[in-house]
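Participant: What follows is the residue order along each chain.
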Amino acid sequence: MANHKKTSDDNLKGTLYATFGIGIIIIVIWALCFNLFIDRF
Amino acid sequence: MTTAVTNKEIIKEKQLPKGKNLTTKDRLIKVDRKDAKLALAHMYVAFTALLVGGLAGLLQVFVRSGAFQLPFGIGYYQILTVHGVLLGLILTTYFIMGFQLAAVSRTAGALSNTQRKLGWIGFWLMTIGTVAAATMVLLNEASVLYTFYAPLQAHWIFYAGLALVVVGSWIEGLSQIMRYVQWRKENKGQTSPLLAFMAVVNNLMWFVASLGVAIEVLFQLLPWSLGLVERIDVLLSRTLFWYFGHALVYFWLLPAYMVWYVVIPKVIGGKLFSDALARLSFMLFLLFSIPVGVHHQLTEPGIDGFWKFLQVVLTFFVIVPSLMTAFSMFATFELRGRELGGKGVLGWFRQLPWKDSRFLVPFIGMVAFIPGGAGGIVNASYQMNQLIHNTIWVTGHFHLTIATAVVLTYFGAAFWLIPHLTGRTLTSRMNSLANTAGILWAVGMFIMSGAMHIAGLLGAPRRSEYSTYGGSEQAAEWISYQFAQAIGGTILFISILVIIGVVVNLLWFAPKGEEEFPVAEVAEGGGSTPAILENFKVWGVILVALILIAYTFPIFDILSNSPAGSTGFKLW
Amino acid sequence: MHIHKYEKWWLVFGTSTLIIFLIIIGVSAFHAGAHPNNSKWTIDYEKVDEIAPFDNPGVHKVEGKDWDYEVVLVASAFSYTPMEIEVPVGSKVRFVATTKDVIHGFEVAGTNINMMLEPGYVSELVTTVDKAGEFTIVCNEYCGIGHAMMYSTLKVVDADDNSSH
Chain A
1 MANHKKTSDD NLKGTLYATF GIGIIIIVIW ALCFNLFIDR F
Chain D
1 MTTAVTNKEI IKEKQLPKGK NLTTKDRLIK VDRKDAKLAL AHMYVAFTAL LVGGLAGLLQ
61 VFVRSGAFQL PFGIGYYQIL TVHGVLLGLI LTTYFIMGFQ LAAVSRTAGA LSNTQRKLGW
121 IGFWLMTIGT VAAATMVLLN EASVLYTFYA PLQAHWIFYA GLALVVVGSW IEGLSQIMRY
181 VQWRKENKGQ TSPLLAFMAV VNNLMWFVAS LGVAIEVLFQ LLPWSLGLVE RIDVLLSRTL
241 FWYFGHALVY FWLLPAYMVW YVVIPKVIGG KLFSDALARL SFMLFLLFSI PVGVHHQLTE
301 PGIDGFWKFL QVVLTFFVIV PSLMTAFSMF ATFELRGREL GGKGVLGWFR QLPWKDSRFL
361 VPFIGMVAFI PGGAGGIVNA SYQMNQLIHN TIWVTGHFHL TIATAVVLTY FGAAFWLIPH
421 LTGRTLTSRM NSLANTAGIL WAVGMFIMSG AMHIAGLLGA PRRSEYSTYG GSEQAAEWIS
481 YQFAQAIGGT ILFISILVII GVVVNLLWFA PKGEEEFPVA EVAEGGGSTP AILENFKVWG
541 VILVALILIA YTFPIFDILS NSPAGSTGFK LW
Chain U
1 MHIHKYEKWW LVFGTSTLII FLIIIGVSAF HAGAHPNNSK WTIDYEKVDE IAPFDNPGVH
61 KVEGKDWDYE VVLVASAFSY TPMEIEVPVG SKVRFVATTK DVIHGFEVAG TNINMMLEPG
121 YVSELVTTVD KAGEFTIVCN EYCGIGHAMM YSTLKVVDAD DNSSH
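Residue numbers (the UniProt record's numbering), protein chains in the order written: chain A, 1 to 41; chain D, 1 to 572; chain U, 1 to 165.
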């Protein structure tokens with residue numbers, strides 16, 4: 001770790017998937033609530 | 001990170017095995033003994049508040065299940081006030097001040113005698129204030145909940161007590177800032193220790209935010225409850241409260257982020273992902289935590305739709321630094337997991353130290369922050385607020401954010417901070433008890449908060465005693481979820497008891513030894529930190545501008561359009 | 001300051017999502033008129049009973065307005081007047097409500113009708129009640145010891161059947 005270089009070459013594929021997964025959870029929850037809002041008077 | 005302290009620091013690169021004594025080679029940087037005493041004083045109050053406030057919460061879920069009634073004429077709203085004040089205001093403020101003091105002392109160096117004296121003055125002011133406010137609540141003179149909305153009128157001593165808590169916290173914050181300023185003077189041109197910097201940002205945010213509640217208490221609530229003035233401008237008092245109130249939740253959150261950014265990487269044996277990005281996200285919190293309070297007032301009359309929407313937009317801005325934080329956390333985990341041999345896209349995940357409570361308990365908090373944050377975006381979405389406003393969904397929401405993400409991180413930090421301060425160690429037995437508490441919390445909160453979210457969407461109101469609402473079919477549906485809340489709440493209370501047990505052990509019974517105060521270092525090649533990130537003048541000017549943009553017109557409008565004020569009511 | 005490529009992707013994705021949310025709610029608010037209660041109507045809360053329309057709470061059919069019915073409701077510790085509201089399904093209704101004492105809530109459970117009632121202010125919301133059924137109106141802002149006893153009922157009934165649903 002000591003010689004670790006912060007470059008764009010770092011393998012952060014898992015992080016990419018995890019964060020986009022969070023994004024999708026947020027979109028789904030928001031969309032469901034928006035749909036409920038539209039559906040109600 | 002080059003600091004005065006790290007020069008002296010000789011810390012083994014790899015993670016220290018748990019439960020083993022350190023050799024002299026692994027000498028730890030310790031919080032100064034006198035500072036440790038002050039920090040510990042905060043922990044006593046914080047965890048006492050947890051026990052009593054948690055008990056109040058247990059009684060509430062029992063009452064709402066319909067199967068239990070409070071004895072001795074104790075009121076539901078009285079214990080609800082106890083729960084909110086002790087857990088939302090006292091546990092948090094004390095833990096934050098104790099933790100930040102220890103963090104500053106650890107990374108910027110011991111406080112001077114003057115600085116420490118200020119810390120003690122602040123501590124005692126807060127404690128006098130707490131006792132005063134608590135006495136009024138116990139006498140049933142202040143069952144106004146922790147948001148104390150006028151025109152319900154509590155005893156003036158309740159308001160004065162809370163004001164003392166705020167003033168005390170200002171003095172403590174000042175002493176931490178003074179230590180940071182001293183460090184900057186002694187180390188000109190160098191990047192300051194990250195934890196100390198973060199504590200300073202949180203204190204500055206707190207000063208600016210709590211001005212709102214200070215004005216509300218000093219110029220509105222106190223004169224009015226003392227009978228010096230007859231009437232109060234209700235909408236103005238609420239707007240001042242929420243100017244403070246939303247920043248309050250970030251005041252709770254930022255110390256948890258300090259642990260996530262700086263402590264957790266060290267606990268798992270890794271490095272800080274990026275010093276500059278961590279500082280940038282804190283500065284963004286400083287800017288956007290405050291000019292957003294009106295999103296708590298979206299369904300209120302008297303505030304223009306345009307200005308409500310403007311603050312909704314600013315509220316969405318404050319989500320961005322949390323997105324940055326999420327990336328940093330995963331990246332830290334992935335880099336470390338891969339270093340330990342994790343393969344494939346997600347193989348690194350299994351390499352993390354799942355049995356270490358200093359990691360596991362805060363990690364559970366991080367997971368809870370995902371649905372918590374998503375729900376928060378729904379809450380702030382202008383007209384969608386009508387779906388959930390003042391329903392028990394909101395209670396479910398902040399039990400994921402503050403009452404899971406934030407407090408589990410605090411507890412995870414207490415498991416090393418307290419023994420570090422007392423000169424004891426976290427034994428493996430206590431470590432597994434702490435993990436048990438974290439898992440119990442996750443289970444209990446999943447049930448309780450989940451039931452609250454669903455019942456809230458069905459319309460169940462928050463802050464309400466058990467009621468069948470005249471035999472309404474809808475209310476009958478809510479009550480089944482209230483049973484689930486009672487089950488979840490009971491599990492949570494058991495978890496609190498386990499945590500108190502661990503804390504008591506760490507305070508007085510754990511074996512003597514040395515527990516590390518983990519502070520991660522920046523990875524080499526992590527990039528330098530631009531000096532602009534420490535230029536508080538620039539960020540301060542932007543902050544003031546944003547506040548003026550967001551609040552000048554709404555406040556002017558409230559004042560010029562205001563009806564006659566309200567007299568006080570005591571309806572409990 | 002170095003930012004990893006994936007972090008840039010994530011921040012672009014996350015921020016765009018937020019902007020899209022804002023555009024959706026912004027258009028639905030400022031173009032389609034879906035605002036929460038933003039009323040600026042003030043009133044002397046101590047004389048609510050003497051001031052129109054609150055001197056006559058209840059359901060009123062109106063002509064020549066953008067809505068078909070006006071529902072006038074008064075909240076006080078710890079009850080609503082009237083205790084029951086009946087409107088035909090599909091009608092456009094303007095809800096007008098205020099409080100005679102402390103802050104109360106006005107939430108028609110299971111609908112988007114949800115607003116704060118604050119002393120000195122009249123809250124209002126216009127909506128088309130397009131679902132028949134019985135909806136419990138609850139006070140959702142703590143107002144004192146009897147807070148949970150405070151309710152009313154909104155009955156949305158079929159237009160031809162005015163007896164009961």
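If you're looking for bench data, these hints aren't it; they were derived computationally from the structure. Idealized CB from N, CA, C, for every residue including glycine. Among the hints, a few may not be true.
Claimed, not checked - Computed footprint of chain A on chain D, listed as stretches where at least three residues anywhere in the stretch have a Cβ under 8 angstroms from a Cβ of chain A: (1) 251 to 260; (2) 322 to 331.
To be verified - Computed beta-carbon distance windows for the label pairs: (3) D/Leu548 - U/Ala132: 44 to 52 angstroms; (4) D/Gly501 - U/Pro82: 50 to 58 angstroms; (5) U/Trp9 - D/Ile532: 19 to 27 angstroms.
Participant: Confirm or reject each hint.
Facilitator: Tested hints:
{"no.": "1", "hint": "251 to 260", "result": "violated (count 0)"}
{"no.": "2", "hint": "322 to 331", "result": "holds (count 5)"}
{"no.": "3", "hint": "D/Leu548 - U/Ala132: 44 to 52 angstroms", "result": "49 angstroms, holds"}
{"no.": "4", "hint": "D/Gly501 - U/Pro82: 50 to 58 angstroms", "result": "54 angstroms, holds"}
{"no.": "5", "hint": "U/Trp9 - D/Ile532: 19 to 27 angstroms", "result": "25 angstroms, holds"}
Consistency with the previously given hints fails for number 1 only.
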